[in-house]
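Quick note, the sequences are listed as chains U and X, same order.
Each residue of the first sequence is one higher than the one before, starting from 1 at the first, in our numbering.
Each residue of the second sequence is one higher than the one before, starting from 1001 at the first, in our numbering.
The hints are simulated quantities; they were obtained by calculation from the structure and are not laboratory data.
It should be emphasised that the depicted structure is a prediction, and the values quoted were computed from it without experimental measurement.
Don't take every hint at face value.
[To be verified] Below, a list of computed lysine to aspartate or glutamate pairs in the DMTMM-like style, where the Cα atoms sit at most 20 angstroms apart:
1) X:Lys1064 <-> U:Asp161
2) U:Lys177 <-> X:Glu1055
3) U:Lys441 <-> U:Asp452
4) X:Lys1104 <-> X:Glu1019
5) U:Lys470 <-> X:Glu1034
6) U:Lys225 <-> U:Glu180
7) U:Lys177 <-> U:Glu156
8) U:Lys403 <-> U:Glu431
9) U:Lys383 <-> X:Glu1125
10) U:Lys386 <-> U:Glu446
11) U:Lys383 <-> U:Glu442
12) U:Lys455 <-> X:Glu1034
13) U:Lys185 <-> X:Glu1127
14) U:Lys195 <-> U:Glu222
15) U:Lys388 <-> X:Glu1127
16) X:Lys1064 <-> X:Glu1019
17) U:Lys470 <-> X:Glu1083
18) U:Lys455 <-> X:Glu1125
19) U:Lys177 <-> X:Glu1127
Chain by chain, the residues:
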Amino acid sequence: MLIFEHSRPGRRNYSQSPGATADVTGIPPDLMRKTPPMLPEVSEMDAVRHYTRLSQKNFSIDTQFYPLGSCTMKYNPRACNSLAMLPQFLARHPRAPESTGQGFLACMYELQEILKDVTGMAGVCLTPMAGAQGELIGIAMIRAYHESRGDSARTEIIVPDAAHGTNPATAVMCGYKVVEIATDKEGDVDMDALKAAVGPQTAGLMLTNPSTLGVFEKNVAEMSKIVHQAGGLLYYDGANLNAILGKVKPGDMGFDVIHINLHKTFSTPHGGGGPGSAPVGVAPRLLPFMPVPVVAYEDEKYRWLTEKEIPQSIGRLSAHMGNAGVLLRAYVYVRLLGAEGMHRVAEFAALNANYLMVELRKAGFELAYPTRRASHEFIVTLKDLKEKTGVTAMNVAKRLLDKGFHAPTTYFPLLVPECLLIEPAETESKETLDAFVAAMKEILEEALTQPDLVKSAPHNTPVRRLDDVKAARELDLAWKQSLTRTATESPTLNAIPTVTPS
Amino acid sequence: MSIPQDLKYTKSHEWVRLEEDGSATIGITQHAQELLGDMVFVETPGVGRTLKQGEECAVVESVKAASDVYAPIAGEVIAINPELESAPEKINQDAYAAWLFKLKPANVADLDNLLDYAAYRKMLESEET
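Could you build the full structure based on these sequences and the hints that come with them?
Structure (structure tokens):
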């Protein structure tokens, strides 16, 4: 039920209504509102009950284990939230002068320095607002670098076929042709394919390490050498940085640019819970092309660097400081962890993934890459189960909801048939992991003895199985309202479309 | 596994049928639709477009993934299947009936370097293991 469906004309929460009417003199008459805004009219209690009910229907990291592969759904410490919500941060205007925002700028500067250190890069820009924007900025800098040298023959970006779809999309958005290279049977980039693809036309390689297949690439040093020798640059997709945090630096592996998903590795809320943030780190040769603004510290003062100081900058791609609230949360998180804590993130993320992988194998599940150790995630394939019982990866995922667990990622990466990509993250206890294994074991038995129960799941959730084909074909995300009103009346709802899950 | 014996196939799971009027009808195989799952959208090449052999020329999108379709042979697009715009599920129902587009082949000999029934079947069997 939508909040508008609780709306009744004239119903108000008077105790929280603004008291005095604001002074509106000086606003041109043609900019004044003629009709009241279309807002739901409910009491305070209606609003509280409505949103509390919604939150109870939700699956979230605060309520359930959430092993969504490639998404790093780790617990978001409350301290990060409460400190980022200090009134001095909340009330700060983004255009306030540097002199009144020294505390905020100090936090941003320190975050830049810490991210530089942990990635081994020479500079970091904090403003990209999501992973895809970080990628776009990274490849735009690679392009600016080649162009600044008059090296215009480089028209191709090499992307392994295991990559997230954003990688080839980014390369195309930057005007490059994408050259896809294959994965070998062990899950590594096919080195022969890489050697064959590299040449004077190569602008760069985009690599995700560990890859989306849940394995650490074995030949990173060699790949780096091959691409650099051909004059190309190396892009590190930091989507899976959680697995190497504090252990090894992409800068040391020879990478020229990296994006870091703060909303994954640095624990800021995401997945419907908050906006993203994807700082970009660069090697010395890309420093002149960094997007603006970045924060500098000179003469005991913090200040913005803009196009004046970075004249070859690719420009400004986000308003102000990007998602400043997310950056503050990540800053608190890294300060809480410290250097010692960062090691432990990677260690426990890998330990949890490897423990879960071994236990699921013992429970009868088939691993996609049985000879490999897991990174911070791993892939189970249900190809044989589907052939035997007709139960698919999607069915198993839906049945997990009935048992109180968020489903792992399904059908990604595309290279593995009927796959579940499982990422427990470092914040889960052994007891939680064991409970997940027990649930998976139950589902496996159900698939063999009563497959229809699994195929028709979920049975216990507030909304039963959705028609994802219809949802994809007739995508409709907008709430359509039908209101009649006059200038003096409050809006009255005529008809509200109802959402009926099928 | 049902694979028609009278068609030609590609490694990327397209099928081609040479018609009596000299045109070539193209679609994706039963195996391809099975891997992709429920179709939600099909993008076909414009009529009149000239395709090179192996050129990306159509997109089939399912609930799981969007996948490129490659021209099995060179030629000019002379027709597209109008049914698929409103009913992409026809590919799931019968992949060998729900054709994507028809070409006027630039060179009929292109068909000779495609897989025949036996070779395509062998390829699928080797993928299984």
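When you check the alpha-carbon spacing of Lys177 (chain U) and Glu1127 (chain X), does it fall within 20 angstroms?
-> It is violated: about 29 angstroms lies between the C-alpha atoms, which goes past 20 angstroms.
Original post:
Is the hinted pair Lys470 (chain U) and Glu1083 (chain X) satisfied, with a Cα-Cα distance of at most 20 angstroms?
Top reply: 17 angstroms, holds
For a C-alpha distance cap of 20 angstroms, please report whether Lys177 (chain U) and Glu1055 (chain X) respect it. 14 angstroms, holds
(message) What's the verdict on Lys403 (chain U) and Glu431 (chain U), does the C-alpha distance respect the 20 angstroms limit or exceed it?
(response) The hint holds at about 15 angstroms.
20 angstroms Cα cutoff - pair Lys386 (chain U), Glu446 (chain U):
Roughly 13 angstroms between the alpha carbons, so the hint for Lys386 (chain U) and Glu446 (chain U) holds.
Does Glu1127 (chain X) sit within 20 angstroms of Lys388 (chain U), going by the straight-line distance between their CA atoms? 18 angstroms, holds
Q.
Holds or violated: Lys1064 (chain X) and Asp161 (chain U), Cα atoms, limit 20 angstroms.
A. 16 angstroms, holds
Take the C-alpha atoms of Lys185 (chain U) and Glu1127 (chain X), compute the straight-line distance between them, and say whether it is at most 20 angstroms.
Cα-Cα ~12 angstroms, so holds.
Need the status of pair Lys383 (chain U), Glu442 (chain U): alpha-carbon distance at most 20 angstroms? 18 angstroms, holds
**Request:** Would you check the hint for Lys225 (chain U) and Glu180 (chain U), treating anything up to 20 angstroms between C-alpha atoms as holding?
**Result:** 19 angstroms, holds
Is the Cα-Cα distance between Lys1104 (chain X) and Glu1019 (chain X) 20 angstroms or less?
10 angstroms, holds
### Query
Straight-line Cα separation of Lys1064 (chain X) and Glu1019 (chain X) no greater than 20 angstroms?
It is violated: about 33 angstroms lies between the C-alpha atoms, which goes past 20 angstroms.
In the structure shown, a violation is registered for the earlier hints numbered 16, 18, 19, in ascending order.
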